[in-house]
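**Student:** One letter stands for each residue in the lines below.
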Amino acid sequence: MLGYTLRRILQMIPVLLGATFIIYALTFLMPGDPIAALTGERPLPEATVAQIRQAYHLDDPFFVQYGNYILGVFRGDFGIDFFGRPVLDLILERLPVTFALAVTAWGLKLVIGLVIGVYGGLRAGKAADHFALVFTVLFMGIPGFVIALGGQTYFGVHLGWVDPAGIRAGWPMAFILPALVMALEAAAGLARLTRTSLVDVLRAEYLRTAKAKGLSPQRIIWGHALRNAMIPVVTYLGLSLAGMLGGAVIIEAIFNLPGIGGLMVASINNKEGTVVVGIATLLVLVYLVFNLLVDLTYGLIDPRVRI
Amino acid sequence: MTQLLEVRDLRVQFSTAQGTATAINGVNLSLEHGQSLGILGESGSGKSVTARTIMGLLDMPPAKINGGEILLEGEDLLTATAKRRRQLTGPVMSMVFQDALSALNPVHPVGRQIGELYRVHRGYSRKAAKAAAIEMMDRVRIPAAASRVNDYPHQFSGGMRQRIVIAMALALDPQLLIADEPTTALDVTVQAQILELLKEQQAENNMGLILITHDISVVREVTDQVAVMYAGRIVEQGPTAHVLGDPRHPYTLGLSQSVANEDLKGRRLPAIEGSPPDLLALPRGCSFANRCPLADEQCSSSAPPLESVGAGRTSACFHSGKVASNVAYSN
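Sequence order for the protein chains is H and C. Position 88 of the first sequence, counting from 1, maps to 88 under the numbering used here, and the rest follow consecutively. Position 231 of the second sequence, counting from 1, maps to 1231 under the numbering used here, and the rest follow consecutively.
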């Protein structure tokens, strides 16, 4: 187990290197000059520009820049922005908001998706199952920002149940609507997966055995079917929590939440490559860690893959 | 004393996309306490459906029981409530399945799966159920039962897994055990051990045993009585030694001739030509007529009833008297 974990952590290094390299290259290729973006209408004197370019190593070759950056990352130094603030501080300051949003959305998704999926799976082929299918496909099909804007208008402006945007109301009130929007979109996939998995398991021989033991239908479903049906679902859920962090970026912008999404958008506009790469690197890292956690906990639910 | 099991005129159909398939077409069976009955037949003959109908394991729909009675110690299972059936399933009748790996729940330790019967039907505590499960594993001779009780099905060999399935079936000392192809998935040496175990447990507990198989040698080795099924009907029934030694139905004869033995060494094995009839459209006459060397006009116009052909024996063939002398399957 320990050896496996260590091996997996070592395997993360090349993945992280590859991912950051691609992201770094993409920001390097972003059109426009970061210094020009910094100053706006009135250009700086040539000498000042040259000085700034030198201070930020902007004239170094790409590979040297990337090399410096990645060496810093492994020391926990994500660089500084143009105002001299460490990128890591900027991210950590805003991360709690994004994290709260992602976890809330994930929790709502888990409840909505599992309830609909289990309900549909147990009544496969019946009216309730078809209704669940329509419901999930509907939310899968509508783009997230449409649901977001619609929800904002209706619940925020029209009914006034929650603030349409902003974080003043704090957790949970400021987070409920954006989290629900994210959850509804993502719950569709979870519901479909849960349903399919449960339908498969309900056909399994060992459920016939359970019936031949004279067990009640409740005991057959809760004691024998669901845990088996959850095996693929757990993997999906674990990975999707990391995905939620990425998805939060767009929703934060719509609901004006001061998370890393807003920071990311602002940094792209300002051509602040270090911040963009920092955020992206962090998201990649989170994704890798969740992936590992899912694999390590998998054995708890499925003894056949215990390591 | 009442009969342990009596099945009367059982009829089961399946609705499929192509139409209605007749899986069981008027089956009668009876079994005494302590007696063993083999149900012999090829795939699709209705032997497994018969077992599942008795156990109440049919998926309905698509299956539909169109008539008949299943009396377990005099009580009709087909009219019993679901709750009453559950009370009987496990403590009075139980079943051993063909493929032990898929019959066991992969995510629960075997001890828990055996112990569950004690917890549900006898209200044992977790601890008592586990102790009972270990005892049961010992009884089916799983080595080091106490240390293996928390292992999972995939950690056992095929033969050991089948022993666990048997332990589960025997846990509550049922009166009736139905074993559906219990040895088909096992290799030959393990097969013999499992059959030995079933025979021994049956004798010790005076249990009724129904053994479903396509393997004529298994029937010969284990059972007192045999019922040969073909296309959803019983075509011949009686004491195993007599039926297999001196068949009175051409199908039984065909089965017994298609077993390899010393005399046939170096020659091709005789086979019954053709294939069983389409269950979606059963012929009006005898279902076996199109493959039968004795078939004549009468056979294709009306179905032969199951009639007595000697002490405790029945056969559904118009020509039962001619079977032994006149039938030879090509080889």
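By construction, these hints were calculated from the structure, which means they are not laboratory data. Any given hint could turn out to be false.
Stated by the list, open to error - Here are some chain C residues pointing at chain H (derived, C-beta under 10 Å): (1) M1055; (2) A1080; (3) R1086; (4) P1091; (5) P1106; (6) P1109; (7) V1120; (8) V1149; (9) P1153; (10) H1154; (11) L1172; (12) Q1175; (13) I1178; (14) E1181.
Keep in mind the model is a prediction, meaning the values are calculated, not measured. Ideal placement from N, C-alpha and C gives every residue a C-beta, glycine not left out.
**Student:** Are the hints correct? Go through all of them and say.
**Tutor:** To see whether the hints hold, each was checked on the structure:
1. M1055: Holds - the Cβ of M1055 of chain C comes within 10 Å of chain H, reaching about 6 Å at its closest.
2. A1080: With a minimum Cβ separation of about 12 Å from chain H (threshold 10 Å), the hint on A1080 of chain C is violated.
3. R1086: Hint holds; R1086 of chain C Cβ to chain H Cβ min 4 Å, cut 10 Å.
4. P1091: holds, 7 Å
5. P1106: Constraint on P1106 of chain C satisfied, holds at 6 Å.
6. P1109: holds, 8 Å
7. V1120: holds, 6 Å
8. V1149: violated, 14 Å
9. P1153: holds, 9 Å
10. H1154: Cβ of H1154 of chain C sits 5 Å from chain H, so the hint holds.
11. L1172: Holds. Min distance 9 Å.
12. Q1175: violated, 14 Å
13. I1178: holds, 9 Å
14. E1181: violated, 13 Å
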